[in-house]
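Residue numbers (full-length UniProt numbering), protein chains in the order written: chain V, 1 to 1112; chain S, 1 to 153.
Mixed in with the good hints, there may be bad ones.
What the hints assert, rightly or not - For lysine-lysine, the following DSSO-like pairs were computed, each having C-alpha atoms within a straight-line distance of at most 30 Å:
1) Lys933/V with Lys169/V
2) Lys30/V with Lys965/V
3) Lys852/V with Lys126/S
4) Lys852/V with Lys50/S
5) Lys126/S with Lys1016/V
6) Lys50/S with Lys355/V
7) Lys85/S with Lys68/S
8) Lys933/V with Lys113/S
9) Lys955/V with Lys965/V
For the record, the hints were derived by calculation from the structure and aren't laboratory data.
One-letter residues, chain by chain:
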Amino acid sequence: MICVKAPPSMVNNEQRQHAEHIFLSFRKSKSPFAVCKHILETSKVDYVLFQAATAIMEAVVREWILLEKSSIESLRTFLLTYVLQRPNLQKYVREQILLAVAVIVKRGSLDKSIDCKSIFHEVSQLISSGNPTVQTLACSILTALLSEFSSSSKTSNIGLSMEFHGNCKRIFQEDDLRQIFMLTVEVLQEFSRRENLNAQMSSVFQRYLALANQAKSCGEKPTESWRETLLDSRVMELFFTVHRKIREDTDMAQDSLQCLAQLASLHGPVFPDEGSQVDYLAHFIEGLLNTINGIEIEDSEAVGISSIISNLITVFPRNILTAIPSELFSSFVNCLTHLTCSFGRSAALEEVLDKDDMVYMEAYDKLLESWLTLVQDDKHFHKGFFTQHAVQVFNSYIQCHLAAPDGTRNLTANGVASREEEEISELQEDDRDQFSDQLASVGMLGRIAAEHCIPLLTSLLEDRVTRLHGQLQRHQQQLLASPGSGSIDNKVLDDLYEDIHWLILVTGYLLANDTQGETPLIPPEVMEYSIKHSTEVDINTTLQILGSPGEKASSIPGYNRTDSVIRLLSAILRVSEVESRAIRANLTHLLSPQMGKDIVWFLKRWAKTYLLVDEKLYDQISLPFNTAFGADTEGSQWIVGYLLEKVISNLAVWSSEQDLANDTVQLLVTLVERRERANLVIQCENWWNLAKQFARRSPPLHYLSSSVQRTLMKALVLGGFAHMDTETKQQYWTEVLQPLQQRFLNVINQENFQQICQEEEVKQEITATLEALCGIAEATQIDNVAILFNFLMDFLNNCIGLMEVYKNTPETVNLIIEVFVEVAHKQICYLGEAKAMNLYEACLTLLQVYSKNNLGRQRIDVTAEEDQYQDLLLIMELLTNLLSKEFIDFSDTDEVFRGHEPGQAANRSVSAADVVLYGVNLVLPLMSQDLLKFPSLCNQYYKLITFICEIFPEKIPQLPEDLFKSLMYSLELGMSSMSSEVCQLCLEALTPLAEQCAKAQETDSSLFLATRHFLKMVFDMLVLQKHNTEMTTAAGEAFYTLVCLHQAEYSELVETLLSSQQDPVIYQRLADAFNKLTASSTPPTLDRKQKMAFLKSLEEFMANVGGLLCVK
Amino acid sequence: MADDLDFTTGDAGASSTYPMQCSALRKNGFVVLKGRPCKIVEMSTSKTGKHGHAKVHLVGIDIFTGKKYEDICPSTHNMDVPNIKRSDYQLIGIQDGYLSLLTESGEVREDLKLPEGDLGKEIEGKFNASEDVQISVICAMNEECAVAIKPCK
């Protein structure tokens, strides 16, 4: 037995493995209690002791129902006494024995046979002994209990359901947890009174502190029973005192701060009334301020302290917060302001030093988020209450993000600038996303202090614009003077770009909100700010500032009497203008694509919110806003023209910068996706030029990546639904869609198309058309689906012909399938029966052609498998999209098509299921087991077949034999040799299948026979194999339905299992367990109540029998 | 790097490739890497410094040999794209390790080698069993190779 841990010189590998094997089988042996006790009492080898403890623990759980309660009880006492009598046990041995005790207590709580209370009594005696060693032991016992009971992730695997663990946790929290907490507090109280702690005491102290933290975190939502304990102000004070005492010890400080953070989030029934909540909060804040004020915060405290503050602000309602003494509240907000600014500066330093562990950044994030929570609901505070604080936090944020001399970006603590050009991969998130939470908070604070922040941003931006312009001019002169003189130091430029980058991001977040779907509103603070000053503002000068981005703002007479919000926008237009001019001067290589991205990102965000403001959405509207970008104004027409020009220029110049091109085309979509804006857009000649240029497929637009081209196509189609007279509309479609159709037909209708189809130009033409079709499908909306569907349908039919022509060209085949996927994805939910039928038929034909061309084809080229994988993945997606019609359907029997197609009766009744099943039938033979090794394909496949079984179980028995067999084989394979996710899907598919059989009452159908086989599989899975407990529910449901269906076979399975048991005790227990399992549901019927009862019994059954049958 | 490429594609014949801006290349498309026609299996971008311009990192697999090639270049750079031509022929004979293939227009070509390995054996097997099969041939940059067979129905 010593071999396992013996040094390599003494034993060889084989001996070691053999020894390990002995231990493993020892642990599985039956009733090892006597042997284990003997080992524990006699052996001196730690590892052996550890194994003996583990064996006891596992055996107790496994044989629980075979054991007398009294012997369990005595086993527990034995273990506890054993540890107490041996203070010098190795830590890992001691903890394992205590874990065994905890597991016994927990398992006992299931049948209420073991009383916890006696344990606490024993422990409190240990604590009062005053002996540090004994106290440590007491702490270990409590910790073991706590971790066994509290979190579901830490519990031992004793083969019980999550629900059981959850119940244990709840019962434990109500009572026992508080006892642990109180015992802990007692110990801490005693320690905190001592002047000096020796090393041993301090380590005991630390353990109890950690325990207090753990105990507190288990009681997330304390009930009334905790009231006396937690509202006792001495408890709170104790934790502040403890923290002050140990704050320089990094580890201990972590625990004490977490305890405080938990006390800071106290809520719920523990408070009898609002008054007590106010008292508690006031008391807490006092304690907090006393602790923080006047100290220099340690690095290790930053996150903890900000969590405390964040909890206070998030958890306590506003009316409680404002009810504390106002001076105290002011001090609290002052402290918050001070900490936020200070953490922000430290976070910036961390970035410069490129630290791995960004504690201040984390702390800063938390505090900024707290600010957002605090000020968002500001009606509880008097107006302007937070303004000065907001100014400070805003200023410090800006300062940290600007280069010297205005700011401190990239400065180390001693003022040295650091600058590194690192390689940034595309996976690195853009700052606007990475720091979106920070920016949202800072933007909000900027609105609150709009009077200060908007003019500040304007002047900083205007200053940068002037400097950027000057710097670019100097570069240009240098280039002209000595062309090709190579390296120019870009430091000044890069600093300017980075400044502008952050200023634009902050401005974007200040002026507008992130929105998904709904119409974004102008933030009320910004609106009020503009309205407030509108009387002092000269509208004409404001329009002039806006309309002359090429001129310096300060060169316009009266520039100080302009609307500040519009002037801020126009400052960004000035940045944009400098960029455009640099491009015209061939300085593109000096520009920052990042800044280009920032500009269009901002413009898109701005346009969504401000362009053509809808008066109906606001109580009051600013006159300058209404004049400058309201409906039917010259201002809005001008700005639409300006934005369009920017888009067109960007698409031409920045085609090589994928992200920038993408942001640009998104701006274009924003301009046309709402009809009011689109109406203005189509009045621009540039728009028509863009459309024509794109239709010609000439440079520079065809340099764009395919995703950008698709989105561009989408935008062009959306624009076509703007308001136009019939003639113009006709002309528009002639420019945009018709060339596509015409070119395509010209190519494919050539007599020698078969011969020339592999020529490069032909292939490019085809690819471009297919890409465009995807883009058109993307433009689908409920009000244009009728037109787009009819247009696309013509193509889809032609695409099937292409499948034949390009059958040996995988990349084209793949793209054709993608077109179908996109059309189905975007349109199927709107289609009425007749149209849906058209699409179903087209998809079916597509699949038939695909299958015909690929069945029996053998490829050896290097990408064969990858190509096939991608095709099949798309086909699965297509089938899933088609199936989605069954549960997402917006169509109103072709209502959207009314008038387009009079009098066509839709009296065929082919369902999506027929199409999908037929599709599955076609592709199934192509799905090899090798292909199922691609996880995404495998998951998609099983999702699809589970879907089919759930939605159309009645179709399954009617399937052609081959298909039926493959489907059943797939289910079997999925249950036996795939991931647990797939296994779960298959189990979910079984229930509806079995129900279907029960309904049909055909006992000779192949589905009936198949389900009988599945009964055996699920039976074995539940009873004989170790399986994931998360699967028990799905398996249980399937099991019950199968048992209902095959009662005789089930009895047979049980009989066979029982008869193989030789031990009469086990036989009896097993037989009892099986009887109990079906007691509440005899005879089993497909009744919901019975099923639920069965599932409940199953859980108990699993607990009692689960491990029993795996015993050797 | 750019010079290298121009040099190597030079002897592959001008008409067998055409230039394309790097950013317009697509995954699953084709590109010439180190003078070899490759299928693009990975395409990613990066930049030097936050305000730098994009560079494209390409990984391709030689469509004939399966060998992997990589390249990195500015996204404005033009890359050569090989013209890929695929044809299907009916197999009418095997002689001295060469295939006899019937084109759609009824001509016979006999300049294509019987591929080595499994596919070659498969072709021979099918032919000896007098099964009608179609052979798919891929051609790029003056290189040609049979890559697939399919029984004729």
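Okay, the hints, checked on the actual structure:
no.	hint	verdict
1	Lys933/V with Lys169/V	40 Å, violated
2	Lys30/V with Lys965/V	43 Å, violated
3	Lys852/V with Lys126/S	19 Å, holds
4	Lys852/V with Lys50/S	51 Å, violated
5	Lys126/S with Lys1016/V	44 Å, violated
6	Lys50/S with Lys355/V	19 Å, holds
7	Lys85/S with Lys68/S	21 Å, holds
8	Lys933/V with Lys113/S	33 Å, violated
9	Lys955/V with Lys965/V	14 Å, holds
The earlier numbered hints that this structure contradicts are 1, 2, 4, 5, 8.
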